[in-house]
Amino acid sequence: MATTTKYKPYPKMKPAGVDWIGKIPAEWNVEYMKNLGRFESSGIDKKIVEGEPLIQMVNYTDIYGNESRMIDSKRELMTVSCPAWKIPEANLIKGDLVFTPSSETTEDIGLSALISENLKNTVFSYHVIRFRFSKELNNDFKKYLCNNAFVWQQFSRLAKGTTRQILDRNDFKNIFVVIPSVEEQKAISDFLDRETTKIDGVVEKKQKLIELLKEKRQALITHAVTKGLDPKVKMKSSGIDWLGDIPEKWEIWKYGHLFLSSMGETILREDLIDDGKIPVYSATEENVNFGYVDSASVILNKGDLVIPARGNSIGNVKLVDKLSTTTQTTIYSKLIKKSKIDVRYVLYLLAGLKNIYFFFDRTAIPQITVDQVQNNDLCIPSLIEQETIADFLDRETTKIDGIIKKVETQIEKLQEYRQALISNAVTGKIKV
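Anchor point for the sequence shown: position 184 equals 173 in this note's numbering, and the numbering is continuous, going up by one each time.
Treat the hints with caution; some may be incorrect.
Stated by the list, open to error - Distance condition first, Cα-Cα at most 30 angstroms in a straight line; then the derived DSS-like pairs of lysine-lysine:
hint: 1; residue 1: K323; residue 2: K238
hint: 2; residue 1: K243; residue 2: K326
hint: 3; residue 1: K327; residue 2: K223
Everything labelled a hint here was simulated from the structure, so no lab data went into it.
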C-alpha cells in the first residue's frame, strides 16, 4: 500500500495558529467546535417506564465500533421509553454528529458518528453527546471532521478520570477543527469515501483469510487428535456417539483418571501486589499475570493445565510455563499418570474438541464445573504416538500462526494508512 507521500501538497500554506496542526492551506480556517454548532445531552436512560411512549435510542455502542461512522434507519437500535416532552429536544436529524464522551482508555474517547438521515421517533442516550451544526458543512465531510488523529489527540489530552476517562461539554466545545471551503469539503469526502472503501475491501479479504486459516488450524488439530496421522491405520468404534471411530490401538480414558483437578484459590484484587514471590496466572491470556502474591495455597508448576471456568473464555486451556498460582474462576489440572501422557497432546485434544468438552448453558454467567471437566472422555494413543502427534501439531500450527501473524500485521498497516490518509486530507497536508 502506497504512503500518503504520493499525494501533492497544496501550493500555498499558512500557519494554523495551533501547534499540533502546523500549517494548513492558505484558504482554510481553524475553528472551535463551539463556533460551528451546539453540543447537547439528553438525560434519557436505557429503561422502559409504563405509560411513557416507546422510542428508538442511539446508544454508546452504536458509535463505538461503528466502522462506517454513520447511523441510518437500517441500523437496529435499542427500544426504550421517554417522556413525550423530551422527544423533540433529543431527536436526531440528518447532519447531526453523536459522540462518545467517556471510555476506559484515552485512545477510544471522543469517537463520533454521522446521522446520515432524519431518524423518526429516535433519540440519543445520556451516554452520548449530540452536536447539531449551525454552520453549513458538506454532510459527508462531517463524518471525517472529528474522526481523525488530530482531533483524537486533543480529546486524549483533555480527558479526565481514573477508572474511566471522561470529557465534559466544555471539552468538546473547545476542540479545534480545520475547515476548508464547502467545495473542497465535498472533494475531500468523495476522495476519502472512495479510498477508504478500497482499503476496507482489502482488509475484509484479509480478515476472511485469517478466518479460513483459523478454521484450517482447528480442523488439523481435531483430525490429528481423533484419527491420528496415519491415513491407513485400522479403526474401531470408540463407543462414544460424538467421537465415532478411532484408531484400533487407542484407548478411552476419563480425564479424572489422568489428571487431578480443582478450582483455584480465592484471590481478591486488593490481595495483589506489584512485586511478589508468586505470579498469579491468567488463564484467559497466554503467559499473562494479573499480579503477584507472597504466598498461596494453590501452587502451579510447569506442565500443569489451567482452564477458565467462567465467562467468555471458558475452555481456553493453557499450559502453565512456570511456578505460579491461579484464581477462583479457573480450574487447574495436575497430571497423575505421568508415564502415560504427554500433556501437549492433551492440550491439543482439549483445544480441538473445546465445544464438546466445555459445553455450558447460556446463562447470565456461563460456567463449567470441576466434575464436568473430570468426567470428559479422552481418546488416548500410546505415549510415543502422543509425542509424534504433538510434535506434528507444534510444527504445523506454528506455520499457520506465522501466516496469521503476517496477515494481521498487513491489516494493521492498512488501518494505519487509512487513518493517516483521513488525518492528512482533513488538515490539508495532502491535496486531493
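Hints versus structure:
The suggested pairing of K323 with K238 holds, with an alpha-carbon distance near 25 angstroms, which does not exceed 30 angstroms. As the CA atoms of K243 and K326 are separated by approximately 12 angstroms, the hinted pair is consistent with the 30 angstroms bound. With a CA separation close to 27 angstroms, the supplied pair K327 and K223 stays within the 30 angstroms bound.
The structure shown violates none of the earlier numbered hints.
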